[in-house]
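Chains as they are written, first to last, in the working numbering: chain A, 1 to 336; chain B, 1 to 336.
These are calculated hints, taken from the structure and not from any lab test.
Hints should not be assumed to be uniformly reliable.
Identical copies carry no separate label here, and so any pair may be met within one copy or between two of them.
Subject to a maximum C-alpha distance of 27 Å in a straight line, what follows is the list of computed DSS-like cross-link-like pairs (lysine-lysine) [as the list claims (entries may be wrong)]:
hint, residue 1, residue 2
1, LYS271, LYS286
2, LYS212, LYS172
3, LYS286, LYS147
4, LYS35, LYS114
Residues per chain are reported as follows:
Number of protein chains: 2
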Amino acid sequence: MTGGENRQIWLQSRPNGIPRASDFGLRTAPIPTLKEGQFLVRNAYLSVDPAMRGWIADKSTYWPRLEVGDTMRAYSVGEVIESRNPRYVPGEKVMGIFGWQDYAAVDEPAVYYKVQDNGLPLSLWLGVLGLNGLTGYFGMTEVCQPKPGETVVVSTAAGSVGSAAGQVARIKGARVVGITGGAEKVQQCLDEFGYDAVIDYKAEPDIDAALKAACPDGIDAYFDNTSGAIHDAVLRQINLHARIAICGTASFASWDPWPEGPRPERHLLVKRATMRGFLTPDFEDKYGRALTDLVTWIQEGKLNYREDMLEGMEAAPGSIETLYSGANSGKLVIRL
Amino acid sequence: MTGGENRQIWLQSRPNGIPRASDFGLRTAPIPTLKEGQFLVRNAYLSVDPAMRGWIADKSTYWPRLEVGDTMRAYSVGEVIESRNPRYVPGEKVMGIFGWQDYAAVDEPAVYYKVQDNGLPLSLWLGVLGLNGLTGYFGMTEVCQPKPGETVVVSTAAGSVGSAAGQVARIKGARVVGITGGAEKVQQCLDEFGYDAVIDYKAEPDIDAALKAACPDGIDAYFDNTSGAIHDAVLRQINLHARIAICGTASFASWDPWPEGPRPERHLLVKRATMRGFLTPDFEDKYGRALTDLVTWIQEGKLNYREDMLEGMEAAPGSIETLYSGANSGKLVIRL
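Input sequences plus hints: build the corresponding full structure.
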């Protein structure tokens, strides 16, 4: 593969707030040569994720900070086209952290998993079969653990994580109540994702009353993507032994200064409830079973998803801005 | 037993705040006659517990409200002296909700458990072998789940619940840091309960700095009896996969208006930590094993306890006031 061109999107300046197109540059590098143990992946789809903002920010929570000059870190899915690693054979498809670029010389730890060749679109392995779907799956099955007939509430219910979480709860036999913002997303939750009831938090003057109406038997589990006022309202209506999965805190743009709110301890004590933060990689040893479930449910028509496709490497620099503008209605992916 | 006298302490007026001696009366009733299925218990020791305040208050959280005129609800330990229930034989000792009185006609659900005849003082079944000890045991073993070498923090570390929790953590091999108030209690924690380090929250100007010094490797588990500022400081120093047991919220006299504080969601998410409220009766099916452990540890000299003994029925009316004044330094019990 020597001699070819590798387009890369690189960090040109550290943004103040949400990364804009102007914070990135497009450059061309040679296709990398492989060291022993590496293999060459040709990316087919690049992912655009809210987490990217944190990766670029001065203080990244989970990863080493990305430096100015680095190729943008990103999930992508692609094909092994050359290999100096016997466990990765040309022709195999993989999902992992391969960056916003055409080609990546990949060390094994960067791979999340090999992609099953099952006829489903390859881009799904960045969405409903990628970390978004897995996050909804594990937050629901491992933390919320809904039982048939229980009431489960999901915030950011129309998002790619929330919609997976909500549908897994429905598949597990729960009554599922979504919380989302805007009439269009409410309709999407009802029509495409099969929620039993949906609350439009932007339109509801009284979120407590809306929850009470939507959850007459109280709330047994809550998949929390938001924190903030919605979280507080849900806690006031939890049932005995409720489970609360803390997946994200989207309602706060910043934790400096640290936001305050009503204390949860009393609710947790009186209701003997559990509140647990989780990250999907904590369940890495269960990815195989999870993906088998998710693939099966898609093939059976039980699990729906939405994708928004951008075209070409040129779309990458502005894509994070697009994501934070809320212009997309499904998982945002770039096709190369 | 007909014809004898049964002294009872009854609720004479509903107190405003902490129940005082003047809120109770002493009356004499006939020793009750037994209905089919009941048995007669002669109380040997009566318990005095912080929970009594809630039982009497207008809004009780877990129990039906006690009415003016009722005999005071209380844990006690006593001997079965007459029985119309084949499962309870005269001579057996039992612990349960038998009230502040000499004799109780007991229905089976009021019994917590039969008391092992093992030579230990009978009063212990209201303290370290009663709900206090069990609460420390289960909060630690079931929720905090300390592993050898981990750092565990316990608040109200010298109390009858906290001292049990802290010692169970030590027995399980953890490094245990207590938080308590006052030099005397600090010394008690070090000398009697074997804490590795103790923080005097009343003397420390900076609880964050004190925790950092006492927990150089961070905090893996926290047994929380207080909520409030101590809870918040601990959360800022938890490790990955930390477990927080919510056992009590002693730092707040009232939850109306509902207290606010720094939001825990971000800590729980970033550290993938679990915060769980629990009540001891949730683990009722494990009482047998727990009591066997606690008895063994006492007999082996690994588990210490403190008891404060009041003498006679006449001491009961003023005992809740004594408890809330902090005058006692161990589990407060009344000997009949």
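Now the hints, each set against the structure:
no.: 1; hint: LYS271 to LYS286; in the structure: between (30 Å within a copy, 20 Å between copies)
no.: 2; hint: LYS212 to LYS172; in the structure: within (23 Å within a copy, 44 Å between copies)
no.: 3; hint: LYS286 to LYS147; in the structure: both (20 Å within a copy, 24 Å between copies)
no.: 4; hint: LYS35 to LYS114; in the structure: within (21 Å within a copy, 70 Å between copies)
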